[in-house]
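Student: Starting from the known structure of chain A, arrange chain B with the ligands on it as the hints suggest.
Read top to bottom, the protein sequences are chains A and B. Adding 548 to a residue's 1-based position in the first sequence gives its number in my numbering. Adding 8 to a residue's 1-based position in the second sequence gives its number in my numbering.
In short, the hints are calculated from the structure, not lab data. A quick note: this is a predicted structure, and the numbers were derived from the prediction, not measured. Glycine included, each C-beta is placed from N, C-alpha and C at the ideal position. Any given hint could be a false lead.
[Said to hold, decoys possible] Chain B is nowhere near these chain A residues, computed Cβ spacing over 10 Å in every case: (1) ILE552; (2) LYS645; (3) LYS727; (4) ASP749; (5) ASP752; (6) PHE755; (7) ASP761.
[Unchecked claim] Sample of chain B residues at the chain A side, in silico, Cβ under 10 Å: (8) ARG226; (9) ASP339; (10) ILE347.
[Said to hold, decoys possible] A few chain B positions that, by computed beta-carbon distances, are all more than 12 Å from chain A: (11) MET36; (12) ARG275; (13) LYS308; (14) GLU331; (15) SER335; (16) ALA345; (17) GLY350; (18) PRO360.
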Amino acid sequence: MLEIEDLHVKIGDREVLHDIDLTIREGETHVLMGPNGSGKTTLLRAIMGFSGLEVTKGTIRFKGKDITGMPIHERAKMGIGMLFQRPPTVSGLKLGKLLAVTSGDRAGMVSEYARFLHMDGFMDRAINLGFSGGEIKRSEVLQLMVQQPDFVMLDEPESGVDLENITLIGNAIARLLEKDVHIVNRKKSGLVITHTGYILDYLDADFGHVMCDGVFRCHGNPREILKVIKTSGYKECLACQKI
Amino acid sequence: MPEDLGKMSELSPEDREKLTLTGLEVEMKNREGSFFQVDQEIRQWTSLNEGIEVLPIHEALRKYDWLSAYSWNLVKGDKDQYTKYVADQPEPRGFVIIARKGSKTIYPLQACLFLARSPVQHVHNIIIAEEGAELHIISGCASASYTKTGSHIGVTEFYVGKGARVTSTMIHNWGEEISVFPRSAARVEEDGVFISNYVCMQPVRKVQMAPFVELAGRNAVALFSSIVVCTPGSNMDLGSVARLTAEGSSAELVTRAITTGGTIISRGMIEGVSRHTKGHIECRGLILRDGVIHAIPEIKGNVVDTELSHEAAVGKIARDEIEYLMSRGLDEDVATATIIRGFLDVKIAGLPNALQAQIDAAIDAAERSGF
Ligand SMILES: Nc1ncnc2c1ncn2[C@@H]1O[C@H](COP(=O)(O)OP(=O)(O)OP(=O)(O)O)[C@@H](O)[C@H]1O
Ligand SMILES: [Mg+2]
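Next up, chain A with everything else stripped away, as it sits in the complex (with noise of 0.2 Å):
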């Protein structure tokens, strides 16, 4: 599904990132963790194809497509989507505007996804304007469930998010990532960054990666990953010599 080599990314004159490889296959989901600052956002944002920074080096394929250079909603049509841990507030643009827009086909599908992620008194508000952070989140999952992408970016999705609606975050993006649907069947894949690993809960991921520093310091099991790093810190990473 996607397959990331020998990336480079500079922002401004520095380099953020180094030396990324990265291959996700069709129906797996992927964690990504590391300390703040480390790289991960601009990982998803040179996937996503941002202007803001700079791919120097290397390729990223997607469906077997090279998609480096390739405009954001281009990337967007073939079936990447991203749930942003900071999205801009756009004043005057209604979310519910913004869905009718986007949702095509499945414009009459709009409605129940509101519901079920408690967001329909949410459709005359401007978007993100004064909403709360779990709001934000519930709002950016609402956008995915319109959008329905099949390699779904997740930027700390349970980030600022009460506990009761981490169940239903978690549920609407094991809904997205199809993790009712038997793992051979399975289409939709997923990159989840994370701190806390609480989403993990209802994802079932199947790798996890380290970034420090812009390189990835480790990859394996995310569960044991999240444990190392919750009981020694990632300065157990940087002291890792495995990579």
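Tutor: Coordinates of chain B with the ligands only, in the frame set by chain A:
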């Protein structure tokens, strides 16, 4: 249906379309009255509401002696060269609408002012809403497709009585070489509400206006909204002036301005003369292509306990907002247009749905033509 409505259907399909964009219902659907003037010729007038009278001004002045006290009272004839021009006309044209005490309109009355062959169209309108009346007016102003140059000068005096509610929505659809000089003033009595909306999404040589409202009675409220798109070659000098004369009165002036190459001056002035008054000016501008947006908000407080504020912002659409929508699958042009549409989407509290829909339709039309 009154037969004289046929007059409006006499227009060419192209001009009917132009008028429809200004909110005029040629078929009178969802309208409670109408007035139709082409150049200086009044073609038709009617009211379907018993409590509301619609008359040409010269007939109204003949019919009601008392009306002269309302004429050239809020707008002075010698205010400037334009009011002078209208005041000097031996044969005044325009409309008078009188909403009797307690009368209510659900649907708006429409006034259509159409510039066809005259070099200048002048109108003088008087609108009186008596105590407790509720009156909604939509004025559509347009020029014929074949009219290349000309001027429109419109003087309007609004009297909003005690507890009355008046909404006035003006949608302009002129041509590139037409100049327009509306001169209007309103007086709002105790507990009265005056809502005035101005929408211009189409090219015009020049529009210059600064409607004035005096909040003369306790707790009177005024809300002015302007939503404009200024194309290359257009010059819009728009302002509203509110004087908070009575205690407890309030005013809000809201502007959404987009330039795609033209020049917009957005003035606003609120003066707090009495205690417990409130005023706010909000002007937001988007420069889509090189052009000018010059916001000049002014507030002046004369007493303790008047609360006045203004906010103005002029800029461009943020790149991260465009890319956010692109990441949901919209291409750059659609993402940009969607954000602009949202920017112009001002929901005006207290405006009947039919009128909000009309404003939305005018913006939709501009959106379809790619601003
Ligand atoms: N626009 C920018 N200008 C300058 N530096 C930037 C910019 N965007 C990101 N960076 C820097 O790049 C580095 C990586 O940032 P990134 O947001 O990818 O971190 P992260 O791993 O997602 O962190 P967190 O866990 O805090 O979200 C940081 O040092 C950050 O300050
Ligand atoms: Mg981040």
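Student: Each of the hints needs a verdict: does it hold here or not?
Tutor: Hint check results:
Annotated as non-interface, A:ILE552 keeps its C-beta farther than 10 Å from every C-beta of chain B; the closest such distance is 18 Å. Not every CB of chain B lies more than 10 Å from the CB of A:LYS645, the least distance being 7 Å, so the non-interface label is violated. Every C-beta of chain B lies more than 10 Å from that of A:LYS727, the closest at about 23 Å, which supports listing it as non-interface. With a least CB separation of 27 Å from chain B, A:ASP749 remains clear of the 10 Å interface cut-off, as annotated.
Every CB of chain B lies more than 10 Å from the CB of A:ASP752, the least distance being 26 Å, so the non-interface label holds. Against the 10 Å criterion, A:PHE755 stays outside the reach of chain B, whose nearest CB is about 24 Å from its own CB. Taking the minimum C-beta to C-beta distance to chain B, about 25 Å, the non-interface status of A:ASP761 holds against the 10 Å cut. This hint is violated: B:ARG226 has a C-beta 33 Å from the nearest C-beta of chain A, more than the 10 Å allowed.
Using the Cβ-Cβ criterion of 10 Å, the hint placing B:ASP339 at the interface with chain A is satisfied: the shortest such distance is roughly 5 Å. The closest approach between the C-beta of B:ILE347 and any C-beta of chain A is roughly 6 Å, which is under the 10 Å cut-off, so the hint is satisfied. Once the 12 Å rule is applied to beta carbons, B:MET36 is consistent with being away from chain A; the minimum gap is 31 Å. Under the 12 Å C-beta cut-off, the non-interface status given to B:ARG275 relative to chain A holds; the minimum distance is some 23 Å.
The Cβ of B:LYS308 lies farther than 12 Å from every Cβ of chain A, with a closest approach of about 29 Å, so its non-interface assignment holds. For B:GLU331, the condition that its CB be more than 12 Å from all CB atoms of chain A is violated, with the nearest at approximately 6 Å. A cut-off of 12 Å between C-beta atoms contradicts the statement that B:SER335 is not in contact with chain A; the least separation is 5 Å. For B:ALA345, the non-interface assignment is contradicted: its Cβ lies about 10 Å from the closest Cβ of chain A, within the 12 Å cut-off.
A Cβ of chain A approaches the Cβ of B:GLY350 within 12 Å, the least distance being about 3 Å, so the stated non-interface status is violated. With a least beta-carbon separation of about 18 Å from chain A, B:PRO360 lies farther than 12 Å from that chain, consistent with its non-interface assignment.
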